[in-house]
Each structure stands twice: as structure tokens, then as C-alpha cells.
Amino acid sequence: MSRRTAAAAALPLVLLFALTGCFPVPGTGTDGTGDDTGTTGGDTGGDTDGDALGPVLTACVNGDWTADLDDLASQLGAFMAANGLNVVSSTGSGSQTLSIGGEGVLGFSNEMTFVITIDMSGGLTMTTTQAHTGRVGADWAWDGGSDASDTAGTMVFSEFDDSAYTIDTTVAINGEASDMPVTSPPMAAGNVPLAVTCEGDTMTTHPSGSPFTTTWHRD
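Read in order, the letters of the sequence shown correspond to residues -27 to -1, 1 to 192 in mature numbering (1 follows the signal peptide of the UniProt record, and there is no 0).
To be clear, the hints were calculated from the coordinates, so they are not data collected in a lab.
Don't take every hint at face value.
Label pairs and their calculated CB-CB ranges [what the hints assert, rightly or not]:
#1 R191 to G148: 37 to 45 Å
#2 A54 to D141: 23 to 31 Å
#3 G67 to R191: 18 to 26 Å
#4 T106 to A145: 39 to 47 Å
#5 T186 to G118: 20 to 28 Å
#6 G148 to S119: 44 to 52 Å
#7 L97 to T39: 34 to 42 Å
#8 A145 to T124: 20 to 28 Å
#9 S119 to A150: 40 to 48 Å
C-beta atoms are modelled at their ideal positions from N, C-alpha and C, and glycine is treated no differently.
Let the hints inform the model, and build the full structure from the sequences given.
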């Protein structure tokens, strides 16, 4: 198997890296800077009324959070292994932080890097590095049409802004940079409902259709 063929064979799964960052997750304004001047997101069909979906859940998610990147990297490696790749290692470093305002605004900031190494057989090893950098902001609301409780609900979003967010992916085969173009899939988080659980100082978020669940710990 040639270096180029090896990279082409694995890239469709490796590009799922991008999905680990594809949901609104600090600043608390719509631009991710902390400015609370955005709208409340009610035009998405959600409901920000705490009495409608439970003030306990809204109070729980409100605040600042840090993602468990080790767990996310472990999920990524396990997912690729389950899809037939011989994963040697999968690591995450840096930080992903989230701020949620109970009044209906949120933002997340990424300075995180995932590195995954795959044994492609035939003496070829592929190392993919993906860096997520920058901020994303959005207005949020609870989805009034979904089941909800004091510990679980579904967020929907409006005024989604990822203009300051970048994903950079590089691939190396046996330590040599591949010349294959690597284009990350477009961000679609603004249209993706987010399943949320929250109890005490732990929260989880799961974008609809994603294979990954992020665990967050309160700052």
C-alpha cells in the first residue's frame, strides 16, 4: 500500500475528528467574547422559560465548564478501532471551555489538539493531528417539543457564529507529511439539537447524530 493510498483509505474516518468540536460549547455572548447583548434564541422553536422545562436544569447548566479531552480522545480512538482501523494511540491536549448563560446565550473557546496514530500495515504508520482554535457563540433555548426533566433536556440554537473558529488537520505517513489535501467538513452545529444532562458539577452534551459525547466539569 502506498503512502497516498493509505492516507486516502483512512481519512474519511479521521475527518470525524472535526465532529468533536462541532457544537456550541467561553465568553457568553453570541460572538463568544462574553458580551450578553444577543437575542435569546426563541425563534428556533425552543422555550427559555424555566417553568416550562424546569428551572433546576437551567440553573445546573448555567456557568463555566471545561471539557474532559482525555475522555473525548479515548472515544475517538475506540470509534475508529470499531470501524476497522488499528489505532496505536489517540490523545487530546489543550483545552475546550464552555460558558452558558441561563438567559439564553453561550459561547465556547477551543485551544485543543487531537493526535491519533494508526498502523496501516505494510510498514506504514499514519499520524493525524487536528488543531481546533478559536471561539464560537450562539443563542440557545430548550426545545419545548422534546422530553425534559430536572437533569436532562435538548438545546436548540440560533444566531450561531463560528467565524472565529478554525480546524487545521495535517497527516503524516511514517513521519513524512502527506501531500493529500485535507478539508474539514463544514460546521453544522447551528442546526444540530444538543442533548444535555446535568447533575451537580458534571454535564454531558451529545449532538444529534454524532458518535461522541463530551463530559464537562464545572470550573
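Cross-check of the supplied hints:
Between R191 and G148 the beta carbons are some 40 Å apart, a value that agrees with the proposed interval 37 to 45 Å. Remark: the range hint 23 to 31 Å for A54 to D141 is upheld by a beta-carbon distance near 24 Å. The given range of 18 to 26 Å is respected by G67 and R191, whose C-beta atoms sit roughly 19 Å from each other. Between T106 and A145, the C-beta spacing of about 20 Å breaks the proposed range 39 to 47 Å.
In this structure, T186 and G118 meet the distance hint of 20 to 28 Å, their C-beta atoms being roughly 22 Å apart. Between G148 and S119 the beta carbons are some 47 Å apart, a value that agrees with the proposed interval 44 to 52 Å. L97 and T39 have their C-beta atoms about 36 Å apart, which keeps the hinted 34 to 42 Å range intact. For the hinted restraint 20 to 28 Å between A145 and T124, the CB-CB distance of approximately 43 Å leaves it violated.
Hint check: S119 to A150, Cβ distance near 45 Å, so the stated range 40 to 48 Å holds.
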